[in-house]
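Chemist: The lines below spell out each chain.
2 protein chains.
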Amino acid sequence: MYREQIKVLDCTIRDGGLINKHDFDANFVKSVYRAIAASGVDYMEIGYKNSRELFSDKEYGAWKFCDDEHIKRVSDGIESDTKISVMVDVGRVNLDDVKPASESPVDMIRVASYAKGIDKAIAMVNHFVQKGYETTINIMAVSRDQGPELDEALHQIEEESKADIIYVVDSFGSLYQENIEDLVKRFKKIIKTKEIGFHGHNNQQLAFSNTIEAIIHGANYLDGTIYGIGRAAGNCPLELLVGFLKNPKFDIRPILDVIAKEFIPLREKIEWGYIIPYVISGIMNEHPRAAMALRNSDKKDNYREFYESLVNIGLE
Amino acid sequence: MYREQIKVLDCTIRDGGLINKHDFDANFVKSVYRAIAASGVDYMEIGYKNSRELFSDKEYGAWKFCDDEHIKRVSDGIESDTKISVMVDVGRVNLDDVKPASESPVDMIRVASYAKGIDKAIAMVNHFVQKGYETTINIMAVSRDQGPELDEALHQIEEESKADIIYVVDSFGSLYQENIEDLVKRFKKIIKTKEIGFHGHNNQQLAFSNTIEAIIHGANYLDGTIYGIGRAAGNCPLELLVGFLKNPKFDIRPILDVIAKEFIPLREKIEWGYIIPYVISGIMNEHPRAAMALRNSDKKDNYREFYESLVNIGLE
Chain A
630 MYREQIKVLD CTIRDGGLIN KHDFDANFVK SVYRAIAASG VDYMEIGYKN
680 SRELFSDKEY GAWKFCDDEH IKRVSDGIES DTKISVMVDV GRVNLDDVKP
730 ASESPVDMIR VASYAKGIDK AIAMVNHFVQ KGYETTINIM AVSRDQGPEL
780 DEALHQIEEE SKADIIYVVD SFGSLYQENI EDLVKRFKKI IKTKEIGFHG
830 HNNQQLAFSN TIEAIIHGAN YLDGTIYGIG RAAGNCPLEL LVGFLKNPKF
880 DIRPILDVIA KEFIPLREKI EWGYIIPYVI SGIMNEHPRA AMALRNSDKK
930 DNYREFYESL VNIGLE
Chain B
630 MYREQIKVLD CTIRDGGLIN KHDFDANFVK SVYRAIAASG VDYMEIGYKN
680 SRELFSDKEY GAWKFCDDEH IKRVSDGIES DTKISVMVDV GRVNLDDVKP
730 ASESPVDMIR VASYAKGIDK AIAMVNHFVQ KGYETTINIM AVSRDQGPEL
780 DEALHQIEEE SKADIIYVVD SFGSLYQENI EDLVKRFKKI IKTKEIGFHG
830 HNNQQLAFSN TIEAIIHGAN YLDGTIYGIG RAAGNCPLEL LVGFLKNPKF
880 DIRPILDVIA KEFIPLREKI EWGYIIPYVI SGIMNEHPRA AMALRNSDKK
930 DNYREFYESL VNIGLE
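Chains A and B, in that order, are what the protein sequence lines are. Taking the numbering used here, the leading residue of the first sequence gets 630, the next gets one more, and so forth. Taking the numbering used here, the leading residue of the second sequence gets 630, the next gets one more, and so forth.
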C-alpha cells in the first residue's frame with residue numbers, strides 16, 4: 630500500500646507510559662526517538678501534557694508532563710524530520726503551561742475526548758491552533774458511543790473546530806473490520822475538510838488489520854507503537870505497519886534494532902500484549918480497567934471467573 | 630456473526646506438534662480433547678498420519694502417527710460431539726495403515742498439498758472417501774503459487790475429487806485481508822460443489838482477521854488453535870474465533886480454563902507467537918524455516934541481519 634498522504638504516528642512512550650506511570654528514563658526515550666527518526670516515521674508522541682495541579686511528580690514520571698526541557702534533552706542533537714506530538718485529555722491540562730509553538734519543541738497537540746465532551750475539546754483545539762500547533766481530536770470509545778451523539782459531535786467538529794485530523798479510537802479493542810469500514814465512512818461523510826486518523830487497541834489481535842481497513846477506506850493518519858506496547862493489550866505494532874506500507878521513506882531496520890535492544894528486556898519487566906483477560910474485555914466491549922486490576926491480583930489467571938463477572942454485569 | 634453452516638476445526642495438537650515433534654503426553658492431549666468437546670467445537674485434529682517407514686518412533690511423539698489406540702486412549706469415556714480429524718501429507722502416508730472409517734475413531738482426513746502436487750492429493754482423497762471418511766484438500770502456500778497452476782488445480786479438484794472441503798492455507802502468514810477476499814472468491818468461482826475452508830498463520834497478527842475476512846466471503850470451515858499455538862508464529866487463536874462467532878452451540882469457558890491450566894505453563898517451555906523473525910518471514914512471504922533455525926541459534930534476536938539476509942535473497 631503506497632499513498633503519499635499517509636502519515637504514521639508512533640505513540641510508544643505516550644500509550645506505553647500508561648503501563649508504568651510514564652516513568653521511562655531519558656536514555657530509553659532517547660533510544661526510541663533515535664529509532665523513530667531513523668525509520669522515517671512522521672510523528673512521535675512523547676507523552677501527555679498534564680497539569681501538576683492534578684498529578685504529582687512524586688507519583689508519575691516525566692512523560693506525564695512533557696516539559697519542554699525534558700523533550701529537548703532526549704531529542705537535541707539527533708538528526709530528524711520526525712515531528713513531536715503530545716496528548717492532552719480534556720480538563721487535565723493547564724493551558725497556560727503550553728507555550729506558543731514557535732517557542733516549543735512540540736509540533737502537534739492531540740486532544741483526547743469522548744463524543745459527549747466535544748465542546749470542551751473543540752475549544753481546546755482552537756486555542757492550540759491559535760498558538761501555532763498542528764492539532765487532532767481523538768474520539769475515544771467509539772465502540773460504545775455510536776448513537777446520534779456521535780454524528781452530532783462530528784458535525785460540530787466539522788463546523789466549529791480548526792483541528793487538522795479527527796481520529797477514530799477503538800479504546801477497548803472490540804471493533805472488527807466491518808465496524809472500522811462503517812466508522813471511517815461515517816466520519817468521512819461528515820468530516821469533509823479534515824483528515825481521518827485511526828488508533829487501535831490490540832485486545833483481539835485486530836489493531837493492525839483494523840488499521841489496514843482504515844487505510845483502505847481513506848484514513849491517512851495511523852498510530853502504532855514499537856513492539857505493540859501500550860495500555861493492557863497494547864496497540865498496532867509499528868513494525869507491522871511500516872512493513873505493510875510500501876512508502877520508500879520508511880526503514881523498518883532501526884525499529885527492529887530497538888526492539889531487540891530495549892523492548893525484549895522491557896517486556897520481561899512490565900506486561901502488555903496478548904493476555905487473556907484483555908481478550909475478554911475486547912470481546913465484551915469493556916474498558917480494560919477491570920482486567921488490569923485482575924492482572925495485579927492473585928487471580929490473574931482465573932479467566933473463567935473474570936469472563937462470568939463481565940457476562941453478568943447486565944444481569945445485576 | 631452467526632451462520633449455521635460454519636464449522637470450527639481445532640488443530641492445536643496437529644499444528645502445535647510441529648514445535649515439539651508431536652511429543653505431547655497423553656494427559657495433555659486428553660485435557661485438550663475434553664476442553665474442545667465441552668466448548669462445542671466441531672472437529673479436533675489430533676495429529677498427522679505418517680508412515681513409520683519415513684519417521685521413527687524414537688524421534689517423534691505419538692501424534693506424528695496417530696495410531697487408533699492412541700486416539701482412543703485420550704478420547705474414550707469423554708462425552709463429545711466433536712469429530713476427530715488427522716492430517717496427511719502427500720507421499721508421507723502408507724495407505725494400508727488407514728483402516729476403513731467404520732473401524733476407526735477418526736472421522737475426517739485432511740490432505741495437505743501444494744497446487745503442483747494436486748494429482749496425488751486427489752488420488753489420496755478419493756481413496757479415503759472410498760474408505761468412508763470425510764475429506765479435505767488443504768492447498769498450502771497459496772501466497773506463493775498464485776499463477777495459472779492454482780486455477781488448474783482448482784478445476785481438477787472440482788472435476789475429479791470427492792473431497793468435501795477445499796482449504797485456502799496461508800502457510801507463511803503473509804496474506805492481508807484484500808488477498809483473502811481475492812482468494813476465497815477465486816476458489817468459490819471454480820469450486821462449486823464443495824465447501825471452502827481457511828487456515829491462517831499468525832506471523833503478522835492477521836490470522837484471526839483473515840479468518841473473519843474468509844467468513845465474510847463465504848468460507849464455512851475455519852481452523853483455530855488454543856492460545857494460537859502452532860508452528861513458528863502459530864495460528865488463529867481459537868478463543869478469539871469462538872468469541873466472534875455468535876453461534877450458541879459454542880462455549881468459550883472450557884477453552885479459557887485449559888489455557889490457564891495447560892497453555893500458560895507450556896508457553897514457558899516452548900515458544901510460538903509474536904516473535905520478530907517470524908514477523909519478518911511473514912512480511913517477506915517466506916517459509917518460516919530460516920526464522921525457526923535462527924531462533925535455535927545464538928543469533929536469535931539479531932533481527933536486522935536476518936531481515937537483510939531475506940531482502941538479499943533476490944540479489945544473490
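Check each hint, because a few of them may be wrong.
As the list claims (entries may be wrong) - To list a few chain B residues with every Cβ distance to chain A over 10 Å, as calculated:
| # | residue |
| --- | --- |
| 1 | Glu633 |
| 2 | Ile635 |
| 3 | His699 |
| 4 | Lys712 |
| 5 | Ala730 |
| 6 | Ser733 |
| 7 | Gly746 |
| 8 | Asp748 |
| 9 | Asp811 |
| 10 | Lys821 |
| 11 | Thr822 |
| 12 | Gln833 |
| 13 | Ala836 |
| 14 | Glu915 |
| 15 | Glu937 |
As the list claims (entries may be wrong) - Covered by chain B, per the in silico footprint, the following chain A stretches (three or more residues, Cβ under 8 Å):
| # | stretch |
| --- | --- |
| 16 | 832-846 |
| 17 | 859-872 |
| 18 | 891-905 |
| 19 | 926-933 |
Since the hints were made in silico from the structure, they are not lab data. Predicted model only: the values in this text are computed from it and were never measured. From the three backbone atoms N, C-alpha and C, an ideal C-beta is built for every residue, glycine too.
Chemist: Against this structure, judge whether each hint is valid.
Modeler: To see whether the hints hold, each was checked on the structure:
1. At roughly 20 Å from the closest C-beta of chain A, the C-beta of Glu633/B stays outside 10 Å, upholding its exclusion from the interface.
2. No beta-carbon of chain A is positioned within 10 Å of the beta-carbon of Ile635/B; the least distance is around 15 Å.
3. For His699/B, the non-interface assignment is confirmed: its Cβ lies about 29 Å from the closest Cβ of chain A, beyond the 10 Å cut-off.
4. Non-interface status of Lys712/B relative to chain A is upheld: no Cβ of that chain comes within 10 Å, the nearest being about 26 Å off.
5. No beta-carbon of chain A comes within 10 Å of the beta-carbon of Ala730/B; the shortest separation is about 36 Å.
6. Distance to chain A confirms Ser733/B as a non-interface residue, since its nearest Cβ pair spans about 34 Å, more than 10 Å.
7. With a least CB separation of 31 Å from chain A, Gly746/B remains clear of the 10 Å interface cut-off, as annotated.
8. Residue-level check passed: Asp748/B sits 36 Å from the nearest beta carbon of chain A, beyond 10 Å.
9. The claim that Asp811/B is not at the interface with chain A holds, since no C-beta of that chain comes within 10 Å of its own (minimum 13 Å).
10. For Lys821/B, the requirement that its beta carbon stay farther than 10 Å from each beta carbon of chain A is met, with the minimum near 26 Å.
11. A cut-off of 10 Å between C-beta atoms confirms that Thr822/B is not in contact with chain A; the least separation is 29 Å.
12. Not every CB of chain A lies more than 10 Å from the CB of Gln833/B, the least distance being 6 Å, so the non-interface label is violated.
13. The Cβ of Ala836/B does not lie farther than 10 Å from every Cβ of chain A; its closest approach is about 8 Å, which violates its non-interface assignment.
14. For Glu915/B, the non-interface assignment is confirmed: its Cβ lies about 13 Å from the closest Cβ of chain A, beyond the 10 Å cut-off.
15. At the 10 Å boundary, the C-beta of Glu937/B falls inside the reach of chain A, the nearest C-beta of that chain being 8 Å off.
16. For the stretch 832-846 of chain A, the stated coverage by chain B holds: 10 residues have a C-beta nearer than 8 Å to a C-beta of that chain, and at least 3 were required.
17. Remark: the stretch 859-872 of chain A is confirmed as covered by chain B, as 4 of its residues place a Cβ nearer than 8 Å to a Cβ of that chain, reaching the required three.
18. Three residues within the 8 Å Cβ limit are the bar, and the stretch 891-905 of chain A against chain B gives 4, so the coverage statement holds.
19. Under the rule that three or more residues need a Cβ within less than 8 Å of chain B, the assignment of the stretch 926-933 of chain A holds, with 4 such residues.
When the structure is compared with the earlier hints, violations turn up for hints 12, 13, 15 and for no others.
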